Structure formats: C-alpha cells, structure tokens
Amino acid sequence: PTTFEAKEGGVIRIVENGTDKVLLGHQVSAGDIWRACFTKDAPVKDWVKLAVARCRANNFPNNDKPCKAIFWLDPARAHDAILMEKVQRYLPEFDTAGLDLEVMSPVQAMRVTCQRAKEGLNTITVTGNVLRDYLTDLFPILELGTSAKMLSIVPMLAGGGMYETGAGGSAPKHVQQMQKEGHLRWDSLGEYLALACSIADLASDTKNEKAAVLASTLDKAVGTFLVANKNPSRKVKEIDNRGSHYWLARFWAEELAKQEQHAGLREVFTAAAKELAESEEQVLQDLIACQGKPVDIGGYYRLDKEKADAAMNPSQKLNEIIAKLDAGKSGATSKKASKITYTYTDEAPMLATHAFYPIIKSFCHHAGVPVELKDISVAGRVIANFPEYLTEEQRMNDILSELGQKAQRGEANIIKLPNVSASIPQLKECIKELQSQGYKLPDFPEEPKDDKEKEIKSRYAKVLGSAVNPVLREGNSDRRAAVPVKEYAFRYPHSMGKWEAESKTHVCCMADGDFYSHEKSVSIEKACEARIEHVAADGSVKVLKEKVPLQAGEVLDATFMNCRALCEFFEEQIQDAKSRGVLFSLHLKATMMKVSDPIMFGHCVKVYFKDVFAKYADTFAKLGVDANNGLGDVYKKIAALPEAEKSAIEADIMATYEKRGEMAMVDSDRGITNLHVPSDIIIDNSMPTAIR
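Sequential numbering of the sequence shown, starting at 771, is according to the numbering used here.
Keep in mind that the hints are not guaranteed to be accurate.
Okay, the calculated beta carbon distance ranges per label pair [unchecked claim]:
#1 ARG881 x LYS1224: 23 to 31 Å
#2 VAL997 x ASP1066: 52 to 60 Å
#3 ALA1421 x VAL877: 44 to 52 Å
#4 GLU1270 x GLU1199: 23 to 31 Å
#5 LYS943 x VAL997: 26 to 34 Å
#6 ALA823 x GLN1178: 48 to 56 Å
#7 GLU1342 x GLN797: 32 to 40 Å
#8 LYS1210 x ALA1410: 22 to 30 Å
#9 THR1275 x VAL877: 34 to 42 Å
#10 LYS1210 x THR866: 53 to 61 Å
#11 ALA823 x GLY1208: 18 to 26 Å
#12 ALA1297 x GLU1270: 53 to 61 Å
#13 ALA823 x GLU1270: 36 to 44 Å
In case anyone wonders, no lab produced these hints; they're calculated from the structure. These numbers were taken from a predicted model, which means no experiment stands behind them. Virtual Cβ for every residue (Gly too), placed ideally from N, Cα, C.
Start from the sequences, fold in the hints, and give me the full structure.
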C-alpha cells in the first residue's frame, strides 16, 4: 500500500535508498490520510499518442466538421504541471499535421467542450483516470439516461486490447428485482458494443474475413436494436434483459442474411433469421410468462450454474435455435489463432452472461472465432486465494493473474464486464455466502491477533476495492459513444430540464486542507529505489514501505488529507443543508480509493451521528463497530444486543435525522441511507444522476 493513516504527528516522506535524499514529504497530524502515487513515463507517451490517433480518426457522425482534442490539465496542480511539459515534449514525435490539439484547464475545457457539443462538433477529452470516469458517466447520463451506452477500449501497450462494456457499476438492485420478481432490467448494450469492437479487431489482426463480416453486421444490428427501442423495461411482465438478447440475436442474424460479403454466412444465418422471426410470438411469450414470481439462482456472489442457466434461458424454442446454430459446421479458424476472452463478473452482468454467452458462442462459431468464459467474480477471486482451505473440486486458478499476464504479453482480446469493487462489508457477505455453500474459508479478521490472521487479511485485501482494472488495464482507456449510439442520440435527442436559479441544490468541496491543496510532485531523473517512512516528533523513524522502485521519467506524487479540517467541513455542510432544507449527501469513490475514501466516509458517519457515537462509545467499542464500514455496520453489530438496548440505539439514530436534517437515500423503501455502506455511492455515477 502507498496510502497510510498517520498514527501520530510528524513527517511522512519518500526517501531515496542509498543516498537518503528526500524526494517528497509532508508534515502531518495524527489521523491524517497520506498517500502517494506513481505515473510511469511510457504510459504518458502512449496517452499522447492515443489522443493524436483518436483526433485523426474522427469517425463519428458529423465528421465532415473539425474534431478537437483537449488535454484537461490544471497548471495549479503540481502533477499536471509536469504532465503539461511531457505533452509538449511528446506531441512533436507524432503526426499532428492538420489536427487541432490544445491544453486547457478543466474549467476552461468543460466550457469549450459543452459549447462544441451544442454546435454538433466532435471533441476528444484527454484526461487522467478520475476525470475520465466522471466524464464518461456525466455526458451519457445527461444525454441518454444511462452510462451503459458508453464504449471503452484499452489498446494494450504490448499489443492486443481490452473491451469494457460500459460504466455504472454492476447494479445490485437489478439482481434483487430478479430474485424477487423474475425480471432482470440490466441493459446489455455495453456488452453488444464491446463485442462488435472485439470481433472487428480480432478480424483485422488475424485477417479473418468472416469475423470482419460478423463485426460489421453486429454494428448494424445494434443500430436497429436502438431505433426499435428493444432495451429492457423496468417493469415486470415487459421485455427484460433476456428479451433484449432475443432481439439482438434476431437483428444480427437478419443483417448476416442480408450481407453480400460472404455467401456461406448468408446461407447459415438466413435460416436462423427466418426461424427467429417465425418464433417471435412463442419466444416473447416464454420470456414474459416466467416473470412475476421469485426466482432461486442459488446465491448472490456465487450462483448455482444450473439454476442461473434455467432462470436466464426460459424459452425452450429460443434455446433450440441457438443450440442448433452452435452445433452447425464451424468456420475454419484462421492460421494466426486468436480467441476472445469473455469475463464472468458479478451481480447483474453475471446473470446476463448466462443468457448472452450462448448467443455469442453460436454466432462466433461460424466465423471460426473461439470464445472462452473466464471467472473474475469476487467469489471466484476469493476462492482462488485460499486453495489450501478447499477441496480439489472447489479450487480455482487465479484467473485474474493469468489474464494480467496475457495482457502484458500482447495476447489479450478481453471483453471485461462491470465487476464489484468490493468494500469490506461486501467481502464479508461474499465469504459468509461461500461458507454456507460448503467452502471452508477463514473469516475475514478485521483486527488480526497474530501473524496467521495478518496473512489471511493480506490475502483478502487482494480482493478489495478496484482490484481487477489495475491488473487488466495495461494501456490507456479510449472511451467514447459508439457510432450507433451517437446516431440514435441525434435521431432521438433528450430534452434537458431547465435548471432554476432558485434551486437550493448545490455541490460543496473543501477549499483548503484536502488532497488537492497539499499535492507535491517530482519527475524522477534516473532510476532508483525509494522507501516511505514516518519521522515522529522525537526523531524516531518508522519505515512504512521498504522498497518503492522508480523509473527514469516517472512522475512521483504525494499528498495528504487534514482530517481535522475534513470533519469541520462535514459539520459545516450538515448544518448548512439543514438550514437550507436540502438533503445532505456525501459523494466519494470508496471502491477505487479503497484505503483513503472509506476512512473519510467513516469520519462523515461519526460527524453526522456524533451524539450517538459519543453516547454509546463503550458499547460500540465492545461490539467492534467500524464507522468506515458505514451505518450498516452499526445495525449489524447491535443486532446481538438485548432488545431494549438495541431499540434504544435505533431510536437515537432515528432521532438524529430530526436534529441533523434529512439525508439522501440509496433505497428509501428499505431505509438504506447515503451513509449505510461506503460502496453504495460512487461519485462519477452518483453526481451526474443527481444533476439529471
């Protein structure tokens, strides 16, 4: 880890091993959150290259008009100042003739980008991870109502690619509705878009003409799908995710039946398209009739395959058509063998895979494109980390590491679906479920008592937070709306509501004392090794991390959050929200910033419910209540208390809302507040949704 909560005051610094030269350092107080990050030079250069390539490609609608690429860099940030110098150094190495490329501050860039969007001009926003995640949720949610319609392609530094199926998380509420009512409203459009790009790139790399036809017809089918509005409905007894897959398969087969590039594919899919069309009434009846009642899928984090397959494929007629396609004579695999890796992840995307994967396999089969399914779910990763606790039949390979190695070798063609970035409460739920299914896993030790428990906690830590993307994203992410989505948006524009000047809704952030205001950055001149250490007021030194390898040209950043200032800020905003009569809500990203943001979340829980935490301090200490896990942890821990004592605490919690003001809800029907679980509110998705 390179994020630390200071146990006492002093200086946290990064020191070069051997020379003892201090590279960066900060004076911190007890409780402050200090963190460092590292940006290697090669990915920065690749980032500049990708910006130039995308600006030149400009293959969007309205591409007769000029495209502009804007680097969103803030000269007031130490990190961005170094990146600005690198951008100017690397741009001349690429062909920028005739291109419009400019560096702007984020505020200026946002204004220019919005104005260009109003004028129908194409703009490439060149940003780092945080702004990228925010923008690729902001504009689609505002314009299209969902971020699932975004396409994300990661051209790997070593070659190959990863195709991400849209932002917006893995939709736990959708799974809950499926279990309760037999209706899955998950939108798989992201999967369709990613699959088209994946097949197209494979076709180009392997010179597979059939695969090229498969990709181009899928693109057209997606356009037809959007215009026909075959997205899943939110309501029971209407088309859901399974119905969308039927329509996608049918439109794809119809496009393959119409194409003139390959007679063999035309013959196979003419028959399939006819059968799918003639079976429409029966198939849709099957897909609707199964809804409206509870469904047993055998679990939440680890499904029972047989039960999930049955639940997600209720139409025998559709199953027969797809099985017949899959059993047909396959197309010859190209000499340069390559396969598509489709990931099995979590929650709603995991369920959707049980219905869509058979369709993918059956279509790709006829173009000689092998497709494999790889389990990188939270449950799968937990199982892979504890082989010695399990039977031979229960054990799983560390598939995430295997795919990471594949990405580094330039062999990857990975379709990566949204996965759970597990918080501690989610991890503990997953472990409990697996234990109930017969997996004899160790409990998660929140406070390890010995070396064995420390080692167990260390292994579980590999599963926490955004553990998947850093392993697989061996390149810069190219995110955009696919051409069919843009054409749909042009045809059916979404009218925005007017923002009234009297609206009390507002966003507040810290003016000082936060990570932004304390950031320090340095570019490493020559390769070296460093350490991170804490120097106490009495001069004693504790090494926090012994070895940090640094490459020449690498950008080293460090900063800290003053938690006293943070708590004062929370108190001010809670009081301000109450005085204005608006809902209080906190927006962080505890999934990706898995050390710092849960701590900040915990501070907010303790500030908002300060009277409760003060009154029951001894009780909470005995129960092991951890505010970083949210208000939900309080409710779970007090459940073991005598009824009278538990009821008194619950009453004081409810009374707090009267005293402190109303809070935004995640699920008002179930009483789940904004402060129940740190992973429930993810800023890049929650803010655009609130604005919309």
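Going through the hints against the structure:
1. ARG881 x LYS1224: 23 to 31 Å: Because 50 Å falls outside the window, the suggested range is violated.
2. VAL997 x ASP1066: 52 to 60 Å: violated (37 Å)
3. ALA1421 x VAL877: 44 to 52 Å: This hint holds: roughly 46 Å between Cβ atoms.
4. GLU1270 x GLU1199: 23 to 31 Å: violated (41 Å)
5. LYS943 x VAL997: 26 to 34 Å: holds (28 Å)
6. ALA823 x GLN1178: 48 to 56 Å: violated (22 Å)
7. GLU1342 x GLN797: 32 to 40 Å: With Cβ atoms ~24 Å apart, the hint is violated.
8. LYS1210 x ALA1410: 22 to 30 Å: Hint holds: Cβ distance 24 Å, inside 22 to 30 Å.
9. THR1275 x VAL877: 34 to 42 Å: About 20 Å separates the Cβ atoms of THR1275 and VAL877, which means 34 to 42 Å is violated.
10. LYS1210 x THR866: 53 to 61 Å: holds (59 Å)
11. ALA823 x GLY1208: 18 to 26 Å: violated (50 Å)
12. ALA1297 x GLU1270: 53 to 61 Å: Holds, since ALA1297 and GLU1270 (Cβ atoms, about 56 Å apart) stay within the stated range.
13. ALA823 x GLU1270: 36 to 44 Å: holds (42 Å)
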